[in-house]
Amino acid sequence: MWNKTKKDDLPVRPEPAQTAVPSSAREAIPTSAYPSRRPDEAVKRGGALIGKSLILTGKISGREDLVVDGRIEGDVDLPENKLTVGAGGHVQGGIRAREVVVYGTVHGNTEAVEKVEIKRNARVLGDMRTARPVIEEEAYFKGNIETVRVEPPKTAVQRAAPEAPVQPALPNSTPAQIEPRHGEPRKG
Amino acid sequence: MNVSPSRAAAGPAGAAAAPDSRKSHGLQALVASLQEGRPLHVLDFGGPIQDNIDFITDIVSGAGHRLYVDHLLRSYEYFFSAKEQEEGVFQAGRIEEFVASVMDFPDQSADAILIWDRLQFLPPQIAEALVARLHRILAPDAFLLALFRTDSSGADRAPYVCRIVDGQTLQMHEQPPARRMQTFNPRTIQRLFQSYREVKFFVSRESLQEVLIRR
Numbered sequence: 000m001w002n003k004t005k006k007d008d009l010p011v012r013p014e015p016a017q018t019a020v021p022s023s024a025r026e027a028i029p030t031s032a033y034p035s036r037r038p039d040e041a042v043k044r045g046g047a048l049i050g051k052s053l054i055l056t057g058k059i060s061g062r063e064d065l066v067v068d069g070r071i072e073g074d075v076d077l078p079e080n081k082l083t084v085g086a087g088g089h090v091q092g093g094i095r096a097r098e099v100v101v102y103g104t105v106h107g108n109t110e111a112v113e114k115v116e117i118k119r120n121a122r123v124l125g126d127m128r129t130a131r132p133v134i135e136e137e138a139y140f141k142g143n144i145e146t147v148r149v150e151p152p153k154t155a156v157q158r159a160a161p162e163a164p165v166q167p168a169l170p171n172s173t174p175a176q177i178e179p180r181h182g183e184p185r186k187g
Numbered sequence: 000m001n002v003s004p005s006r007a008a009a010g011p012a013g014a015a016a017a018p019d020s021r022k023s024h025g026l027q028a029l030v031a032s033l034q035e036g037r038p039l040h041v042l043d044f045g046g047p048i049q050d051n052i053d054f055i056t057d058i059v060s061g062a063g064h065r066l067y068v069d070h071l072l073r074s075y076e077y078f079f080s081a082k083e084q085e086e087g088v089f090q091a092g093r094i095e096e097f098v099a100s101v102m103d104f105p106d107q108s109a110d111a112i113l114i115w116d117r118l119q120f121l122p123p124q125i126a127e128a129l130v131a132r133l134h135r136i137l138a139p140d141a142f143l144l145a146l147f148r149t150d151s152s153g154a155d156r157a158p159y160v161c162r163i164v165d166g167q168t169l170q171m172h173e174q175p176p177a178r179r180m181q182t183f184n185p186r187t188i189q190r191l192f193q194s195y196r197e198v199k200f201f202v203s204r205e206s207l208q209e210v211l212i213r214r
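Taken in order, these protein sequences are the chains called A and B. First residue of the first sequence? That's 0 in numbering that gives the first Met the number 0, and the numbers climb one at a time after it. First residue of the second sequence? That's 0 in numbering that gives the first Met the number 0, and the numbers climb one at a time after it.
These are calculated hints, taken from the structure and not from any lab test. The C-beta atom is built at its ideal place from N, Cα and C for all residues, glycine as well. Worth double-checking, as some hints may not be accurate.
[What the hints assert, rightly or not] Restraint ranges, calculated between C-beta atoms of paired labels, are given here:
id, chain 1, residue 1, chain 2, residue 2, range
1, A, Lys51, B, Gln49, 25 to 35 Å
2, B, Pro176, A, Ser60, 41 to 51 Å
3, B, Glu95, A, Ala130, 35 to 45 Å
[What the hints assert, rightly or not] Incomplete in silico selection of chain B near chain A, CB under 10 Å:
id, residue
4, Ile52
5, Ile55
6, Asp57
7, Gly63
8, His64
9, Leu66
10, Val68
11, Asp69
12, His70
13, Arg73
14, Ser74
15, Tyr77
16, Val101
17, Val160
18, Glu173
19, Gln174
Okay, chain B solo, but in the shape it has when bound:
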């Protein structure tokens, strides 16, 4: 599946920069894991992107998988009050409620998860709770794809819109508004996903790390 340049460039109003196409080894491995000839359940927490929906659910191409879509950052903003977000203080019960509301799936029911760079824009305690929940709902040997920016420590940055161009190419651009970004390095990423079987790093351009995590 290919995206016409005009369609790809026509991002939502306020998009900061032109989209940038790049090869994604993480996506390639994840897509390869979905070639089982049967419908699988894929979770995408980057929000609705038409190209991603088409790529994963398209029955013409033969994929025809069931895709769960949620915009994790918007769900976070809807769920927590402005005061909670501003102060960064979250009661354990509230975090549990939030995690249950955004990831209400049976254990080991997801065949692949695309979380993109969303974990980096959530408070650490919430990101940790979500990662623990993802471990429960991901099927054994299934993959989770995450992105981390290793530059701009502590700065406000806009999250990426990640558009699947084909099975090995992503088109990305930052989508305002900018949000507070947590700092991660390979060591903290390893620690975050320590309950998973395997964490594989792919260094990309512009200090962007693709991380492919196997359950």
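Same shape as in the complex, but just chain A:
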């Protein structure tokens, strides 16, 4: 335990729940052990990556950021996190997340508390509900856009309070709520 004393001197700082590789563990690995290619965004952000060759069928839910370069056939539910659909990524199903960025293809409805961003060359078919819809003009988008008012998630408020004890994310924490601004639109 050559660095035990040094570690004990450090203040105790709980790791975020979504961190896949703790920073202390990364420090212990020599730099040369990393692959030489540029790290993926998901790894950099401490989230998860669904690689190009992967095809997943079924619902995905969780509390960490996710980058999809492969194909998902099913709903994605990440109410407190960011979903990025990479240029080669494909999601066939509904999406609920804090933030959604699409470079690839999405067939399904998207709901994001903060922002949905559809980049040029992306292809999105489905309705969108979010506080901030951002669509680049070269993107192909077909669907309804509804801007919604954001109610801050309870869990975020708790974490921000200075006196509150630092705790890992609760398993049953309430997801962010989004409410329509003026109620439901007229039905045909």
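Got chain A sorted already, so can you dock chain B onto it with the hints?
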């Protein structure tokens, strides 16, 4: 809502000309019809334009309407084969399928429709089928805004990107690629929209006609 000049000028790569701002009486009337203090359903077939999305859906300005967006010309190109498009021969069943795929809305459910100049870049039989469908889905007394170029008969032209600057101003520029443009004059436009209650023409600059159609 205003658009900063730098943002407005920063069109997509390959844009041919600088955007041109112009007053739009048709847009003004259509926007006025949306001031009902309740969320309405607006259909925009010009494709996703951020300023238009912000203007219509913005909850800060109080509009907060639900906006359906589709790029009608790209949907047409996705749907029909290259051979169909080249030969201009479309089976009735295929046209019906296409219309159903791009305008799958309940009858009288749309409170306003922005179709810009898109009808002029579609084959006549498809444009006619779409106009008939629009008549069904538009609510009574609701408006449809269309643009027609009366010059360049039969020439290939690039469709306009129409950016809503405010409730009465449009910023427009042609966006390549150029496409085959059908010829329309006031008489053929009247005939196209003959099932509608009212067709009002606003002559604009550069032989561009704004047409405001009331259901």
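Hints versus structure:
Between Lys51/A and Gln49/B the Cβ separation comes to about 30 Å, which falls inside the hinted range of 25 to 35 Å. A hinted range of 41 to 51 Å holds for the C-beta pair Pro176/B and Ser60/A, which are about 43 Å apart. For the pair Glu95/B and Ala130/A, the supplied restraint of 35 to 45 Å holds, since their beta-carbon distance comes to about 38 Å. Taken as an interface hint, Ile52/B checks out: its beta carbon lies about 6 Å from the nearest beta carbon of chain A, inside 10 Å.
The criterion of a C-beta within 10 Å of any C-beta in chain A is met by Ile55/B, whose closest approach is roughly 8 Å, and the hint holds. Interface hint at Asp57/B: satisfied, since its Cβ lies 7 Å from the closest Cβ of chain A, which is below the 10 Å cut-off. Annotation: interface hint on Gly63/B holds; nearest CB of chain A at approximately 4 Å, less than 10 Å. With a least beta-carbon distance of about 8 Å to chain A, the hint placing His64/B at the interface is held under the 10 Å criterion.
Because the smallest distance between the Cβ of Leu66/B and any Cβ of chain A comes to about 5 Å, under 10 Å, the interface hint for this residue holds. A cut of 10 Å between beta carbons decides the hint on Val68/B: the least distance to chain A is about 6 Å, and the hint holds. Against a cut-off of 10 Å between C-beta atoms, the interface hint on Asp69/B holds, since the closest Cβ of chain A lies about 5 Å away. Because the closest C-beta pair between His70/B and chain A is about 6 Å apart, less than 10 Å, the hint holds.
Of the supplied interface hints, the one on Arg73/B holds, with its beta-carbon coming within about 6 Å of a beta-carbon of chain A, less than 10 Å. The criterion of a C-beta within 10 Å of any C-beta in chain A is met by Ser74/B, whose closest approach is roughly 7 Å, and the hint holds. Among the interface hints, the one on Tyr77/B holds; its C-beta lies about 8 Å from the nearest C-beta in chain A, closer than the 10 Å criterion. Satisfaction of the interface hint for Val101/B is found here, the shortest Cβ-Cβ separation to chain A being roughly 8 Å, below the 10 Å cut-off.
Contact between Val160/B and chain A, as hinted, is supported at the beta carbon level, the nearest pair being about 7 Å apart and thus within 10 Å. A hinted interface residue such as Glu173/B counts as satisfied when its beta carbon comes closer than 10 Å to some beta carbon of chain A; here the least separation is about 14 Å, so the hint is violated. A distance limit of 10 Å between C-beta atoms decides the matter here; for Gln174/B the minimum to chain A is near 8 Å, and the interface restraint holds.
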